[in-house]
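Undergrad: In case you want the letters, here they are:
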Amino acid sequence: SAVISQKPSRDICQRGTSLTIQCQVDSQVTMMFWYRQQPGQSLTLIATANQGSEATYESGFVIDKFPISRPNLTFSTLTVSNMSPEDSSIYLCSVVPGHSTDTQYFGPGTRLTVL
Amino acid sequence: QQPVQSPQAVILREGEDAVINCSSSKALYSVHWYRQKHGEAPVFLMILLKGGEQKGHEKISASFNEKKQQSSLYLTASQLSYSGTYFCGTVTVGGGSNYKLTFGKGTLLTVNP
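Top line first, the protein sequences correspond to chains A and B.
Take the first sequence: its letter number 80 is residue 1559 in my numbering, and every next letter is one higher.
Take the second sequence: its letter number 87 is residue 93 in my numbering, and every next letter is one higher.
Accuracy of the hints is not assured; some may be wrong.
What follows is a set of in silico ranges between Cβ atoms, one per label pair, in the way DEER data are often shown [said to hold, decoys possible]:
id, chain 1, residue 1, chain 2, residue 2, range
1, A, 1494, B, 74, 44 to 52 Å
2, B, 80, A, 1530, 31 to 39 Å
3, A, 1492, B, 80, 28 to 36 Å
4, A, 1484, B, 74, 20 to 28 Å
If you are wondering where the hints come from, they were derived from the structure by calculation, not from laboratory data.
These numbers were taken from a predicted model, which means no experiment stands behind them.
By construction, the Cβ of each residue, glycine as well, lies at the ideal position given by its N, Cα and C atoms.
Assemble the whole structure, with the sequences as input and the hints as a guide.
TA: Rendered as structure tokens:
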């Protein structure tokens, strides 16, 4: 298993500003993912952030808006840039500790409100 | 391709049973089931791998029909603690280095006393 922490747990931001969310894992993992969950909705994959390679973004998400860093096997950051109220969501990081058949664990999430 | 879950919502009395279905239009490598309570992160329930199998965890079990590209989650003798939104997530064949877990829209389960 994996224990994941995220910072901040919640934030209220003004439109036009940027917020960087941190994800820390208690063990080394290759595969790490960032998801967005809008109020009352399902989880939508933003990007895959495997260490040693550039992040891979899903359709509808671009690097300029959601830059990701993955400096090592236990840490990643997601930045939400030039925020608008539509970016108000819960942002979750998740990891697959081992082989791709393993369980995917989720962090507690960061609840972002943009005014 | 997002898997399709049914029903969208179900209301039970404590002790009743429920089945939640998940289907995909693509061949599946694995199916993952999660439960999420309001304001909390999704919690892993179980994973079913290609090969068709059934798994159980106390009074919650699941099946995976590879040929039909479907999975079902069975909740028996429901408890109040079972309330929450259940999500199925699917990894389609051809994953490997392109591993990606795609979630259905969720099923809201409410268990009343």
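Undergrad: Next, verify each hint and record whether it holds.
TA: Hints, one by one, checked against the model:
no., hint, verdict
1, 1494(A) x 74(B): 44 to 52 Å, "holds, 47 Å"
2, 80(B) x 1530(A): 31 to 39 Å, "holds, 38 Å"
3, 1492(A) x 80(B): 28 to 36 Å, "violated, 43 Å"
4, 1484(A) x 74(B): 20 to 28 Å, "violated, 39 Å"
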